[in-house]
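Please construct the entire structure, taking both the sequences and the accompanying hints into account.
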Amino acid sequence: MPSTQSRYHEVYARWKSDPEGFWREAGREIDWFKPADKVFDAQAGAYGRWFDGALCNTCYNAVDRHAETRGDQPAIIYDSPVTNSKRSISYAELKDEVSALAAVLHDMGVGRGDRVIIYMPMIPEAAFAMLACARIGAIHSVVFGGFAAKELATRIDDAKPKVILSASCGIEGSKVVAYKPLLDEAIQLAATKPDACLIYQRQQLECSRIEGRDLDWAQEVVNTRAAGRHADCVPVAATDPLYVLYTSGTTGKPKGVVRDNGGYMVALKWTMSNFYGVKPGEVFWAASDVGWVVGHSYIVYGPLLHGCTAILYEGKPVGTPDAGAYWRVISDHKVVTLFTAPTAFRAIKKEDPNADLLKKYDLSHFRALFLAGERADPDTVRWAENILNVPVIDHWWQTETGWPVAGNALGLGALPVKHGSPTVAMPGYALDVLDEGGKSVGPGIMGTIAIKLPLPPGCLPTLWQADERFKESYLTTYPGYYNTSDAGYIDEDGYVWVMGRTDDIINVAGHRLSTGGMEEVLASHPAVAECAVIGVKDALKGEVPCGFVVLKSGVQQTSAEVEKELVGLVRDKIGPVAAFRLAITVPRLPKTRSGKILRGTMKKIADGDEWNMPATIDDPAILEEISDVLRNRGVAH
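For the sequence shown, position 332 (counting from the first letter as 1) is numbered 332 according to the UniProt record's numbering, and the numbering increases by one without interruption.
Rather than coming from a laboratory, the hints here were simulated on the basis of the structure. Heads up, a few of these hints could be off.
Straight line, CA to CA, 25 Å or less: simulated DSS-like cross-link-like pairs of lysine-lysine [as the list claims (entries may be wrong)]: (1) K316 - K537; (2) K471 - K452; (3) K175 - K350; (4) K160 - K193; (5) K359 - K349; (6) K193 - K162; (7) K564 - K552; (8) K86 - K360; (9) K349 - K439; (10) K564 - K537; (11) K253 - K162; (12) K16 - K452; (13) K552 - K591; (14) K160 - K150; (15) K573 - K175; (16) K564 - K150; (17) K537 - K604; (18) K193 - K573; (19) K439 - K471; (20) K334 - K86; (21) K316 - K360.
Note that the structure is predicted; figures quoted are calculated from it, not measured.
See below:
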């Protein structure tokens, strides 16, 4: 299904015929202290390493080089409807902020290779912190602000940070969330303790500091500036880690995805013009959070590497103050491209189905909407196309890849859209669909989507301090391939169709969460004998978790009392992001004769999909009971 206007097929063929030459050329967009000895070293790492021998600095490429040539241009625009404040930070001001904070970190003993955890709300200081770490060669690990103390503690123990950067509070809609008690509890729970914490006090809620451990962010920066100190960019190896970002692990232990410096810069810089179709100087907005991979790649690093103006938005798509929030931001700041999750548009559509609020704003400069983080359902895509009258582009990637695996490259000239498909593989990715035996299947046949090795620049080279786990998790199931753990198919035109996860990770409003982790929390309740959590289709969030629990005999509490406590327990242990609101007491769980809970069949029943009685089921009657319970609770579609 070729397009006469698109250069996609030509560019993809050029990459395929000479991958090293393709990325060597792309690498010319980056300023190196020392060029690579080899563009690709096939003998290094688990599958090879990109830009081996090169020396670089990501902060220099994102900040300093633009401060010299476009110093007055806004680098970051902070827009916070929840605090009714806005702030524009030029590239020159950004360099000053970041170099001062980097000097503070240096004075706190942070050096090249040290880890720094950033536990922050969506304020400019969160971006300053990431860039300051990159500036001095420290490895940052951003943990989503407000994450439960236990989850933060596991990340502290894995990353072993020298310093933690945090703030007194975050603001979720109209609710102020105190971060300091969560941080203090996490440090208490963790076996590894940081040397110090740097705390940014917000006027909405100030916090107390622990003497000898906690320093005041603003005061330390003021002192550093008064002393005339700043930190220069430290050359690091292109293959050195820039950051570690934790993603849900099926074993309950989070996986620390490692991102290197050189390959990541090259890949992101390539995508800004070729994929997203934006030019240096234009305003690009990724409506995400710095706690997620989208925030790393397309709030902070990608736009700044390209010399764009990035929007850092502290608010929601609806409720801050209404469903016109996104239109206001686009209009106020002349945004040309928005990247958000489909769930945001489902929320806007639910509140304002006729897009009446859109009529209040001037979007004449707005060129494209990109959706990712979960499957973009065709109804939502068509609604967005109709109200915006611009290209609406679904694309698919993962925390592990760091940038789009498949999409419709607007910068190369868009291909025809097939609603429900993120279109085609990007240069760098050779996709295949495999059956359970690892054999490639034909067009239109469902299987596991896998990427032929080597992975392109920007993708994870390994997991933090866990090389063997990296191989077991991603490279062992299908030798010669990276296993995406996503199921789908590729059609006769080469279009990719991603239909869902192959494991127990569910996607709640673009956030990948482990059902196994939620089951662990439910099982900790003294009244619960056993449990199962599945993801159920939801019109707004894509999927929401639903927990089934079997109570121990002799429990004095009512089912309703236990269910209420379980909802609160998941909220406390995992956080509000899990959107866990439905716990259902059942007399027993459907199982195979070997004792495996039939989660997949339960999900089909809840979603209203066709299902067959599994041949291995122990007691067929239980599935009918489950079906009746779901209908009575209004869950089954």
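Each hint tested on the structure:
1. K316 - K537: holds (22 Å)
2. K471 - K452: Judged against 25 Å, a Cα distance of about 14 Å means the pair holds.
3. K175 - K350: holds (22 Å)
4. K160 - K193: The given pair, whose Cα atoms are some 8 Å apart, holds under the 25 Å limit.
5. K359 - K349: Given that 25 Å is the threshold and the Cα spacing comes to 14 Å, the pair holds.
6. K193 - K162: holds (8 Å)
7. K564 - K552: holds (16 Å)
8. K86 - K360: holds (20 Å)
9. K349 - K439: violated (42 Å)
10. K564 - K537: holds (22 Å)
11. K253 - K162: holds (21 Å)
12. K16 - K452: This hinted pair holds, its Cα atoms lying about 12 Å apart.
13. K552 - K591: holds (18 Å)
14. K160 - K150: holds (15 Å)
15. K573 - K175: holds (19 Å)
16. K564 - K150: With a Cα-Cα distance of about 21 Å, the restraint between K564 and K150 holds, given a limit of 25 Å.
17. K537 - K604: At roughly 10 Å apart (the allowed maximum being 25 Å), K604 and K537 satisfy the hint.
18. K193 - K573: holds (20 Å)
19. K439 - K471: The given pair, whose Cα atoms are some 20 Å apart, holds under the 25 Å limit.
20. K334 - K86: holds (15 Å)
21. K316 - K360: holds (18 Å)
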